[in-house]
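What follows is the residue order along each chain.
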Amino acid sequence: MNLRRILTLGGSILSGLIVLGLDVMRSSVDLDVTGLMLIREVLVIAAFVLLYAFLELSETRKAEESVQKLGLLLVVAVVVALMTSIIMFTSDATFEAKEGRLLPLGFNAIVLASFVSLSFGLLSIILFRHLRVLTLYKRKKGTQRNLMIQIVLTLVTALSTVGLDPLENTVVTSVLFGLAIGAMVMNSFRLSWIVYLSKREKVFSLVYSFLLFGVMTYLNVLSHGKVLNEYLLYHSYPVREFSALTLIFGNIYFGMAFVSTLFHLPTAEAFERKTTEITSLHNLGRLINQVFDFNELVDTVTSMTLQVCEAKACWLEMVHGREGMAGDSSRSDSRRLNLQHPERYLVQAVGMKNIQLEEIEDLLPYDEHTLRDVVIQERKPLVVDDLSRDGRVKGKGRNAPRSGSLVVVPLMSHTGMIGILYATKEMEFGFFKDDVEVISAFADQATIAIENSRLIDESLERERLMQEMRLAQEMQKRLLPQALPTLAEVQLDAVSTPAFEVGGDYYDVVMLEGDRLGIVVGDVSGKGVSAAFYMSEVKGIFQALSKIHRSPREFLIEANNALASSIDRRSFVSLIYGILELRTGLLTISRAGHCPMVLSKKNGVTYVRPSGMGLGLSIGPAFADAIEDLTLQLDPSDVCVFYTDGLTEARRGEEEFGYDRLLESIERLKEQDAPEIKNGILGEVKAFVGNETPHDDLTVVVLKWCKTAP
Amino acid sequence: MSDFKILQRENKGVSVLELKGYLDAHTAPKLEDAIQNLITSKRYNIVVNCKDLSYISSAGLGVFMAFIEDVRTNKGDIKLSNMSPKVYNVFDLLGFPLLYDIVKEEHEAVQRFLKSK
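Sequences listed follow chains A and B, in order. Numbered per my numbering, the first sequence finishes at 710, counting up by one with no gaps. Numbered per my numbering, the second sequence finishes at 1117, counting up by one with no gaps.
No lab work stands behind these hints, which were simulated from the structure alone. Check each hint, because a few of them may be wrong.
[What the hints assert, rightly or not] Cβ-to-Cβ under 10 Å is the rule here; a few derived chain B residues that face chain A:
| hint | residue |
| --- | --- |
| 1 | GLY1013 |
| 2 | ALA1025 |
| 3 | SER1041 |
| 4 | GLY1062 |
| 5 | VAL1063 |
| 6 | MET1065 |
| 7 | ASN1089 |
| 8 | LEU1093 |
| 9 | LEU1094 |
| 10 | LEU1098 |
Note that this is a predicted model, so its numbers are computed, not measured. No residue lacks a Cβ here, since even glycine has one placed at the ideal position from N, Cα and C.
Required output: the full structure, derived from the provided sequences and hints.
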């Protein structure tokens, strides 16, 4: 309890006790001085005002609770009615009327007068607070103003009696009294709270308002009876007026509430359903943004449909477009469906509620022309009022229902029909217009949700693939030499960049026995993943066979044989293989369809192009005949450049970098060291291409001979 | 991206496919379909005229490799003609001239079919 509440309650009790003391005193001593009586009146009013303030401070109620607490109000009213009834029937000859005043005939009368006045005053305050909340339940323009008018009129009526003798009547008070009642009648039409009650609550409200109406009427009659009226008038005329008016307000209001509830009762169910529909749609809308799991979504949709329409069974069928386009025909419960028109669909029942797949198939067989096909063609909701009389429903099976109604609603997305929502009821003509509307609304929401979840799945799948590709890229990088041999005789540098995550370019440098260096550069036809697989195979073949065969030609012939068994007939691999004798500077080159090597010597830059044929183009003698070994003597500062067609075919618009530009570049760069030559070539290609994305894998291997001949 | 077109016609009973534009991994299926259609209708004497072919990638070359065996076992052939030097160079680097009949002009290719009959 905080200080303000203690003060208000304490003040109220204190004022009440002072008044009681004054009353006891004035019964024995004549204290009828006007000033003192006025102070007494002020104290009485103060006591009730403080009591009201105390209650206001103690609890603030929400409108919904006020409705629920009508029972409590009823209890308080009944208790007051019982107590005052007992007082009325047990006391006799309490006051003596004299010159418009009331003189108590004993100590009892004074105490009882205080008690009765307190009871009525307290009940009025509680009643007033209740009615205020109910009246203001759904505020419209003027709602609050009208109530204020009534309150002011009530208070003015009550205060107009201040200073009057108990048995005195004035015209002003009567007129004000009448006006206050007029305002009450107006405010008694503010009954919107009834509309929002559930059916069960409406029944309770009906009983409560009837009983409250009864008790209020009883109390009104009672308080105007001689005995109680005298008690009230003796204690405080204003309080009596306030109580009388408030009780009348309660009487009118609960009378109106009873009648209104009675009229609202038949529509309670419909109203409740509308509210449920709105809430369900709202919930579904919210779920769409939260649930991305397909199964959870369809479950929610069907169970909500079931609930809102009070259907017997509900299920959803996903339509997977034309056969062959069906994404997940692997799902075990997919059923093939033949349609009359040439298009074929794949439907799949999901989110089944109170129905088995067998029953669905009995009702609408998947291999016959049924209602399903009609909806797929017409793309409009359909209602079957009587299942037993509709030819489009087969219902031949043992499990098929012989009666009932069915509603079928298509799920239409912007790309077309994605599914069908079904609901059944046991009785005929079970689905009204508004049922179809609400199911359609569910179908629309479900469509959005399902599309959303599909999009999310797709982007997750894409993310997964990208992750896989990154992994593949890492792995492929490891298939290329991690470090090139460092030798006194030659400078070596190399680079290989795929156009996509992975590519089909390959290069390798190996040390062979007899102080020889093997250099290979290759290109698998095609790009991307398939090329990457062949590339790793070529790597295996090179690592295995290069050590065995002494000449590049022999190696290429064996590599062709090795590849022939596994390579697709429309794919091929181009390779160029050179073996350099480090002691002599003799370089033997063999070319399997690959781009010619660039040889830069003192007197000029040329292409070295032994005849050859791509691996995988032909097996046997044609290949062997085409391949030749070509041996060159390298002199100090000679440069050899191996590359793939990603270099010469690098494009800017329609124009290719080409063979001539490559020769010119190397001519310019040949004096430099191998890494500078490599970077120089890459730089020139980059400058040529500009901002265009490379469309092919690109590999460059540069070798510079440094040793003077022995 | 780049355009690729195939014009199909007859030259003295030999089927001629005139290629135009870029033949790469994206457009190769078009040529594949065209040759497959010829084979399905039992037309095994095919000349591919590359007059307006501006680019051919490895995937494009793969198309010829895919069908040459089929066509040759049926006593037919795929002959190539009218290649630009640049396109010829791509075929030549890979050793295609050793396996395929590549001629300067379309009528030469047609002539060769007629002679061999």
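Hints, verified against the model:
no.: 1; hint: GLY1013; in the structure: violated, 28 Å
no.: 2; hint: ALA1025; in the structure: holds, 6 Å
no.: 3; hint: SER1041; in the structure: violated, 21 Å
no.: 4; hint: GLY1062; in the structure: holds, 3 Å
no.: 5; hint: VAL1063; in the structure: holds, 7 Å
no.: 6; hint: MET1065; in the structure: holds, 5 Å
no.: 7; hint: ASN1089; in the structure: holds, 8 Å
no.: 8; hint: LEU1093; in the structure: holds, 6 Å
no.: 9; hint: LEU1094; in the structure: holds, 4 Å
no.: 10; hint: LEU1098; in the structure: holds, 5 Å
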